[in-house]
Amino acid sequence: MVTALTITPVAAHECDALASLMRRTIEPLSYYNARAIRAELIKYTAHTLRTLASAEPQAVLVARRGADIVGFCVSRFDDGTIWLSWFGTDASARGQGVGAALLAALASTLPARHAHKIWCDSRVENVESKSVLERAGFKRIATLTNHWYEQDYFLWEWYPS
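So our numbering is basically just the index in the sequence shown, starting at one, shifted up by 1322.
In short, the hints are calculated from the structure, not lab data.
These figures come from a predicted structure and were not determined experimentally.
Keep in mind that a hint or two might mislead.
Stated by the list, open to error - With a Cα cut of at most 25 Å, we get these calculated DSS-like pairs of lysine-lysine:
id : residue 1 : residue 2
1  : 1452      : 1439
2  : 1439      : 1365
3  : 1452      : 1365
4  : 1461      : 1439
As the list claims (entries may be wrong) - Cβ-Cβ distance ranges computed for the label pairs, FRET-style:
id : residue 1 : residue 2 : range
5  : 1326      : 1483      : 23 to 33 Å
6  : 1353      : 1464      : 26 to 36 Å
7  : 1376      : 1405      : 11 to 21 Å
8  : 1463      : 1399      : 11 to 21 Å
9  : 1338      : 1360      : 14 to 24 Å
10 : 1333      : 1472      : 30 to 40 Å
We treat Cβ as the ideally placed atom computed from N, Cα and C, and that holds for glycine.
I would like the entire structure built from these sequences, with the hints used as guidance.
Have a look at this one:
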């Protein structure tokens, strides 16, 4: 029997485990250069996640199966919109709808956060994120060449229907 998936804001005591999951998810990504990986890992330590969640609890969502954190979604309020910084799934839980559930949970936070849309970026080579974002109703709005960390990105947006 598969344990049900639950998604809630991260608790302060879970930030170490979340930072570890984010590291395991981000470090091996072949479509990011070393500079990008280093910079992103510095941004998402247990301390910075705890600080972000303390300031805006819905900014850091985690997906759990039982007591295990199997996915994450990190966002921030950005001038009336929500910037989706990262979402990811533990390798053991990929292909099980965790990413889609996290994006749906993020979308449900818009009214309480007084935001009208979500936007994000993905590396053009990141076919997994592209697929999840498209299935969740995100629209690709631009391609940024030679942009962050001198790499190419797609910009995405999602509006409530």
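- [ ] List in ascending order the numbers of the hints, as given earlier, that are violated by the structure.
- [x] Number 6 - this is the single hint that the structure violates.
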